[in-house]
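Protein sequence lines correspond, in order, to chains S, Y, U and L. Number 32 in this note's numbering belongs to position 32 of the first sequence; there are no gaps in the numbering. Number 66 in this note's numbering belongs to position 66 of the second sequence; there are no gaps in the numbering. Number 66 in this note's numbering belongs to position 66 of the third sequence; there are no gaps in the numbering. Number 136 in this note's numbering belongs to position 136 of the fourth sequence; there are no gaps in the numbering.
To be clear, the hints were calculated from the coordinates, so they are not data collected in a lab. Computed from a prediction, not measured in an experiment: that's the story for all the values here. Heads up, a few of these hints could be off.
Claimed, not checked - Taking lysine-lysine pairs in the DSS-like style, the calculated list, with each CA pair at most 25 angstroms apart, reads:
no., chain 1, residue 1, chain 2, residue 2
1, L, LYS174, L, LYS269
2, L, LYS133, S, LYS122
3, L, LYS215, L, LYS2
4, U, LYS140, U, LYS32
5, U, LYS140, L, LYS174
6, L, LYS3, L, LYS215
7, U, LYS32, L, LYS174
8, L, LYS133, L, LYS3
9, L, LYS2, L, LYS133
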Amino acid sequence: MSDRIDAYYELMDRQILDHDGRMVGKVDDVELEERDDGRLYVTALLSGPGALGPRFGGALGTIVTSTWSRLSGRTEPARVEWSAVASVETVIRLAVGRTTVALDGFETWMRDRVIAAIPGSKVDPG
Amino acid sequence: MSALHRMDDLLGMHVRFADGVDGDRVTDVRLAPSSRVRGQLNELVVDGLVIGRMRPGTLFGYDRHPDQGPWVIRKVIRALHRHTGYVGWDDVDRVDWEARIVHLRTTGLRDLTAATDIGSG
Amino acid sequence: MNLPRLAASALGAVLLGGCVPASPDADTYDDKAALTLGSAVSEARTVERVLDTLYDGRMLRPAAVTQLRYSEDALDTATGAFTELNPPPSRDRLNRRTTTLLGDAGDLLAQARIAIERERVGDYTTIADDLARLAERMEKLEGRTR
Amino acid sequence: MKKLFAVALGILTAVGGFVDIGDLVTNATVGSRFGMSLAWVVVAGVIGIVVFAEMSGRVVAVSGRPTFDIVRERLGPRVGLANLFGSMAVTLLTYTAEIGGVALALELATSVWSYFWIPFTAAAIWIVLWRAKFDLVENTFGLLGLALVVFSVALWHLGPDWGDLWHTASTAAKPAAEPWPSYWYYAIALFGAAMTPYEVFFFSSGGVEEGWSEKSVPVMRSNVFIGFPLGGLLSLSIAGAAAVTLLPAGIEVETLSQVSLPVALALGKVGLAVAILGFFAATFGAACETGLSVGYSIAQYFGWQWGKFVRPRDAARFHAVLLLSTVTAAVVLLTTIDPILVTEFSVVFSAVALPLTYLPILIVANDPAYMGAHKNGWLANTFGSIYLVIVLAASLAAVPLMIWTKLGTT
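Okay, chain S solo, but in the shape it has when bound (with noise of 0.2 angstroms):
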């Protein structure tokens, strides 16, 4: 990992691999935590509607926040904690697989509901 970061110009907005490299989201929000000796720590990143609705703002921004919290059932969104970062490059790759950090419910929702009810959907064209 490089020495510094600039947060937008090389992390926020940056796509997110487990460790088997496959897609698990994007770094939507960075959660800051403000310690005893007053400086701002990177805790986790955060990922989904709940972090992105905020950032578009106005009424489009609390349009998607108040859909995604209805639909999920859930205020705070999805987080993936520090400590389960491999690697920042040009993606963030995860030491962990996908189903520990869970990000995408919509995801399994629409697999269980709607993909997997069509016929081939567990064939691996490869």
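For chain S, the structure is supplied; the task is to place chains Y, U and L on it using the hints.
Frame of chain S; chains Y, U and L shown alone:
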């Protein structure tokens, strides 16, 4: 009690210099590895703020890589971002999260250099 | 000129705030006549070539049937759009000449469709020659009007 | 030997895959009205897509980042989202036109009404997107698309006055009857047909599908520098055949069968059958590419898993987008809107939307953080900057000209 914030709250905060001058805003947040390791990597800590005008092109990188081409875009973007500069964390007096203002101890900005000098990735 | 294209150009015209009035002035009427005749020439010459190539075995029948369908539809739409215009008094002769030619074109295209349908190969060349002559006359009138 | 085969296959599929319904219709229409006086625009468009595709191919090979990852990373989520809406509107419009093109080709082959074919075509395309391997689709339709070489054979067979063709092309001699606004309107339509945004969405995402690395850059470049220009020659042949046979007869191209008429006149039934096969392959292949591009771009913006290299159940949202956009395109076509008209709108709005993705790619191709030593050299930047100006100018002029000339009809 350690308060939790979001990076995006910091972006776009107004900046007030020690002499009361304001008008500039936070256009990026520079992170540096702290001494403590958590998991595979050192924890990152906010080490400084990139400050300038919220104009298009803040993410294009022309303020960090002076020789980045092509010439026509570099000329336009660098002109737009000629005010961009940098302050270290020790130049920051306090961050007022409610009023969304960063109060600085200094009256001027340092030159901005690329955070990562080697081409990563 | 088929219907959706006309609808689109009408939309375009409306966007410009200058939609084609039902009673256009002489110049606008001439333009519409020239445009309609141009499109009729295009359809007539297309079907002429379809018949010629069909006659000497250089055309696939399904392609010919398909083209006839579009040509008749295009001519029908163009004629409709033109005849609904009220010509200014100075353009009565042009109106009569144009609508007669458009009518002849419509008949010939219908004859072509029926001939292809019944595979009356003998008629292909006669209809094609009629179309060629008609196209010539329409093109002359178009030239004088533009 | 195997490497040589791979290179040759890459070039052939680039040629066969270059022409789509937009190129077919626009080049034939332009040939039938303006002769070869707009040929310079095809050349400019081909050079443009070569510059643009090479840059985006190099970016994905070196940094692994396809187009819409970059759009969001360099424009931020808000501007990125607006960019996504604009680019997806155009790509969906092109997808609709391509499916319509397949239906028109089937109509030409069977004389059965094109709207009858639309549900079957949409279903067939979706099944291919659901099951087929990425390079199976690319190679099959790329190679079959080579059937369009029949237009070059037809043009050659017609024995035109090459001197005259060259003269009108090199001096851009517009026929007197055609007004200048229509000339420039069709110049932009031709440019939009040659430089369609989805081509770069597909090309860069394909780099991830095929697992490109820095070592893939030379093969990528051979596809782009050899394959695309040869594809451009096909476009010029389509325009040339129309210029030689349709223009003198005053025939204005408005149907796919008129596009193929010059081939029937020159080569007869067999030539026409090969042309129709070429139409089918070119539009079916392009439909798969545009359909995938919609899924790629949306998934890349939101960070969803995407791609044919994983099982459908592991890229559920990506495949849901493919299904939804295919159904949407079919429903639009079933309103009996003329696919040729949809095509004309798609090429013009392609020109409008082009800068949205051209600018971020040009910037990132220069960014050492992504490219390291592979960033743009002076040549890429010279062409890149020239085309930035051209692309912006075409984008600004497209809609005003479209309204002024009422889709080029006056």
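Outcome of the hint check:
1. Restraint check: the Cα-Cα separation between LYS174 of chain L and LYS269 of chain L comes to about 33 angstroms, which exceeds 25 angstroms; the hinted pair is violated.
2. The hinted pair formed by LYS133 of chain L and LYS122 of chain S meets the criterion: a straight-line CA distance of about 14 angstroms does not exceed 25 angstroms.
3. Between LYS215 of chain L and LYS2 of chain L the CA atoms are separated by roughly 16 angstroms; this keeps the pair inside 25 angstroms, and the hint holds.
4. Restraint check for LYS140 of chain U and LYS32 of chain U: the C-alpha separation of about 15 angstroms stays at or below 25 angstroms, so the hint holds.
5. Under the criterion of a C-alpha separation no larger than 25 angstroms, the hint pairing LYS140 of chain U with LYS174 of chain L is consistent with the structure, at around 22 angstroms.
6. For the given pair, LYS3 of chain L sits about 13 angstroms from LYS215 of chain L by alpha-carbon distance, which is consistent with the 25 angstroms threshold.
7. Between LYS32 of chain U and LYS174 of chain L the alpha-carbon distance is near 22 angstroms, which keeps this suggested pair within the 25 angstroms criterion.
8. Simply put, LYS133 of chain L and LYS3 of chain L have alpha-carbon atoms about 20 angstroms apart, close enough for the 25 angstroms limit, and the pair holds.
9. Between the alpha carbons of LYS2 of chain L and LYS133 of chain L the distance comes to roughly 20 angstroms, so the proposed pair stays at or under 25 angstroms and holds.
The earlier numbered hint that this structure contradicts is number 1, and it is the only one.
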